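Numbered per my numbering, the sequence shown spans residues 1 to 573.
To be clear, the hints were calculated from the coordinates, so they are not data collected in a lab.
Given the structure is predicted, the values throughout are model-derived calculations rather than measurements.
Even for Gly, the Cβ is constructed at its ideal location relative to N, Cα and C.
Some hints here could point you the wrong way.
[What the hints assert, rightly or not] Below, computed lysine-lysine pairings styled on DSSO-like, alpha-carbon distance capped at 27 Å:
1) LYS283 / LYS323
2) LYS305 / LYS241
3) LYS356 / LYS396
4) LYS356 / LYS345
5) LYS359 / LYS305
6) LYS183 / LYS415
7) LYS283 / LYS349
8) LYS183 / LYS50
9) LYS310 / LYS323
10) LYS241 / LYS323
11) LYS361 / LYS183
12) LYS345 / LYS283
13) LYS304 / LYS349
14) LYS352 / LYS50
15) LYS483 / LYS415
16) LYS283 / LYS241
17) LYS396 / LYS359
18) LYS361 / LYS305
19) LYS283 / LYS305
20) LYS323 / LYS447
21) LYS401 / LYS361
22) LYS304 / LYS356
23) LYS415 / LYS396
[To be verified] Computed beta-carbon distance windows for the label pairs:
24) GLU151 / ASP245: 37 to 47 Å
25) SER114 / ASP280: 29 to 39 Å
26) CYS214 / GLU284: 15 to 25 Å
27) GLU30 / GLU342: 45 to 55 Å
28) ASN340 / GLU151: 17 to 27 Å
29) SER114 / THR538: 17 to 27 Å
30) GLN505 / TYR533: 27 to 37 Å
31) GLY413 / SER114: 47 to 57 Å
32) LYS50 / ARG127: 19 to 29 Å
33) LEU339 / TYR533: 45 to 55 Å
34) ASP280 / THR56: 48 to 58 Å
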Amino acid sequence: MRINGHAHIFSLNSVLSKYAIRIVVTRINEKGLPAFVGDTVEKLLNDQMKHPENLTEDELLDRFIGYIAGSSAVKKIIPKQFNLPFGIQLPGSKKRARRLKRAALQATLDRLSSNFDKGAEADATIRDVFQTLRIAMLPSATHVAERLFEEASPDEIMVALMMDITSEQTAAADQVLYLRQMKETAAAAVAYPGRIIPFVAVNTRRDNYYELMCRGIEEHGFAGIKLYPSLGIEVISDRMKRVFDYCHDNDLPILLHCNQGGFKENDASVEFGNPAHWRDILKERPNLRVCFAHAGGTDQGPMKKNGPVKGDWTHTVQELINKYDQVYMDISYHTDQMLNEEHEKNYLKWLKTVLKDDKLKRRVIFGTDGWLLRLNLPDSLYMNWFENRLTEAEMKLIYEKAPAEYLGLPVNGLKTMRGNIRNLVEYLDAQPSVGGQPAEWLISASKSSYAIRRRNAGWSPNNHIHLLARAFFRSSYMTAPQKALDFEEAGDLLMRQLTWWNREQVSESVFRNDRRNVALRLISQCEGSGLLYEEGYTKNLALDKIAELLGDESKTVADVGITLDSMYRVQAE
Numbered sequence: 001m002r003i004n005g006h007a008h009i010f011s012l013n014s015v016l017s018k019y020a021i022r023i024v025v026t027r028i029n030e031k032g033l034p035a036f037v038g039d040t041v042e043k044l045l046n047d048q049m050k051h052p053e054n055l056t057e058d059e060l061l062d063r064f065i066g067y068i069a070g071s072s073a074v075k076k077i078i079p080k081q082f083n084l085p086f087g088i089q090l091p092g093s094k095k096r097a098r099r100l101k102r103a104a105l106q107a108t109l110d111r112l113s114s115n116f117d118k119g120a121e122a123d124a125t126i127r128d129v130f131q132t133l134r135i136a137m138l139p140s141a142t143h144v145a146e147r148l149f150e151e152a153s154p155d156e157i158m159v160a161l162m163m164d165i166t167s168e169q170t171a172a173a174d175q176v177l178y179l180r181q182m183k184e185t186a187a188a189a190v191a192y193p194g195r196i197i198p199f200v201a202v203n204t205r206r207d208n209y210y211e212l213m214c215r216g217i218e219e220h221g222f223a224g225i226k227l228y229p230s231l232g233i234e235v236i237s238d239r240m241k242r243v244f245d246y247c248h249d250n251d252l253p254i255l256l257h258c259n260q261g262g263f264k265e266n267d268a269s270v271e272f273g274n275p276a277h278w279r280d281i282l283k284e285r286p287n288l289r290v291c292f293a294h295a296g297g298t299d300q301g302p303m304k305k306n307g308p309v310k311g312d313w314t315h316t317v318q319e320l321i322n323k324y325d326q327v328y329m330d331i332s333y334h335t336d337q338m339l340n341e342e343h344e345k346n347y348l349k350w351l352k353t354v355l356k357d358d359k360l361k362r363r364v365i366f367g368t369d370g371w372l373l374r375l376n377l378p379d380s381l382y383m384n385w386f387e388n389r390l391t392e393a394e395m396k397l398i399y400e401k402a403p404a405e406y407l408g409l410p411v412n413g414l415k416t417m418r419g420n421i422r423n424l425v426e427y428l429d430a431q432p433s434v435g436g437q438p439a440e441w442l443i444s445a446s447k448s449s450y451a452i453r454r455r456n457a458g459w460s461p462n463n464h465i466h467l468l469a470r471a472f473f474r475s476s477y478m479t480a481p482q483k484a485l486d487f488e489e490a491g492d493l494l495m496r497q498l499t500w501w502n503r504e505q506v507s508e509s510v511f512r513n514d515r516r517n518v519a520l521r522l523i524s525q526c527e528g529s530g531l532l533y534e535e536g537y538t539k540n541l542a543l544d545k546i547a548e549l550l551g552d553e554s555k556t557v558a559d560v561g562i563t564l565d566s567m568y569r570v571q572a573e
């Protein structure tokens with residue numbers, strides 16, 4: 001078992017507000033990239049906020065490059081190189097044309113990187129930014145989790161931390177986004193039972209912060225609290241006192257952002273993350289379970305030759321660990337040492353010294369900070385860097401023993417399972433079905449025999465025809481609550497659940513005529529959208545097949561979309 005103690009599975013779609021976009025773009029600009037990269041990200045996110053859509057990877061790449069190519073900096077330096085005629089009809093089959101276009105887009109991205117990346121001066125590349133967007137703009141938390149798990153070991157457990165980027169001025173307006181993220185994170189925990197441990201984000205700038213926190217824990221089975229002080233959250237306040245009391249009374253762990261990088265409201269708000277603030281908090285509640293993310297960070301400069309000195313945030317975190325039995329630190333997003341031999345030597349000397357200390361070695365948690373880490377490198381490479389430099393015993397300490405103890409997982413028998421994990425287990429037990437095989441620890445901890453309902457692997461938000469099918473049913477044949485469902489949930493809707501279904505109220509001949517009319521409208525929309533028939537299909541054959549599907553009460557929206565995809569193809573641009 002491996003535990004990634006610090007990860008993010010939220011989709012950017014669940015945080016997009018003008019305020020959040022400003023915060024995200026500021027973070028991009030701090031990576032040392034050309035200004036037009038941040039401008040491009042800002043345009044993309046504003047487009048997505050105003051007109052949400054599920055872009056395929058090729059569509060996202062096309063748009064990303066288009067915005068960059070349209071910037072004055074690129075036009076001035078390379079006026080023709082990036083003005084590629086992507087819309088022309090390429091020779092050969094439609095499939096070959098799409099492959100050639102994709103290759104042209106990838107080649108253009110490579111040329112952009114080679115011409116404009118700043119090398120050692122920058123903390124990321126243009127390609128890194130695109131690869132981050134490629135994950136972050138997936139439709140839902142479940143889709144993001146699926147992408148991150150592709151790089152993980154089969155038994156990996158991931159602590160999924162919500163993110164709440166808001167201000168006093170935007171909190172009321174963007175609450176719908178927060179609730180969407182909460183719901184999506186809970187759905188991902190059901191899709192990957194026991195492999196996702198969800199933590200709810202608490203932002204005391206919301207007037208109803210306490211109610212939202214309780215909803216996440218008590219209604220959706222969240223197993224911990226995530227704080228991000230540098231977004232403007234003061235930990236020494238009456239509001240936070242209520243949070244700490246709730247965590248103490250309900251045996252909930254807290255994980256807080258603790259370095260001088262990352263997202264911030266402004267430079268002054270960075271100080272809210274100073275671990276020194278926690279001396280008084282922990283003095284009042286010595287049994288509070290707290291993890292200081294990034295171990296205080298290396299943003300005060302590379303690790304010193306003899307380790308952190310008094311006054312460094314990392315030094316303060318280690319002092320708190322030595323004083324209190326429930327305090328931990330994670331080593332997520334520690335990348336500063338990776339490209340400098342001396343920095344690496346000093347960093348490893350510090351880490352190995354910590355992992356030899358009888359007390360500290362039990363309090364260091366491995367985490368990646370993915371998908372945010374992708375601005376620098378993939379999760380898998382981050383894991384490999386540590387595996388290639390630490391012993392097997394040292395790795396086991398940080399990716400199994402310490403995080404399992406911090407989380408309260410029952411890895412050493414049910415007696416070690418703590419209240420927060422019991423809360424998650426009870427939530428999962430109450431679900432009618434889950435999306436996959438439960439993690440081993442969950443099987444031993446649960447009294448339930450889980451019914452597994454796997455997601456339809458053929459139903460994809462990256463498929464243009466599937467998106468068309470969902471949009472068709474959503475526009476005319478779904479109730480208001482059904483329209484609010486995400487892509488995956490909409491695909492699970494049965495034909496008999498849609499508003500046009502009237503078999504019980506009319507004669508069979510009328511029902512047959514009604515469903516054929518619905519099928520005709522759907523086929524006409526496919527044709528009107530420029531879809532072409534695959535070889536062997538005609539309009540009449542397609543009409544008969546779809547009408548038959550619509551009359552089967554056990555068939556779903558996804559079944560219709562997948563069938564359409566087998567009969568039509570997208571015309572190449």
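Okay, which hints does this one fail, numbers in order?
Hints 2, 6, 7, 11, 12, 14, 15, 19, 20, 25, 27 and 29 contradicted; others consistent.
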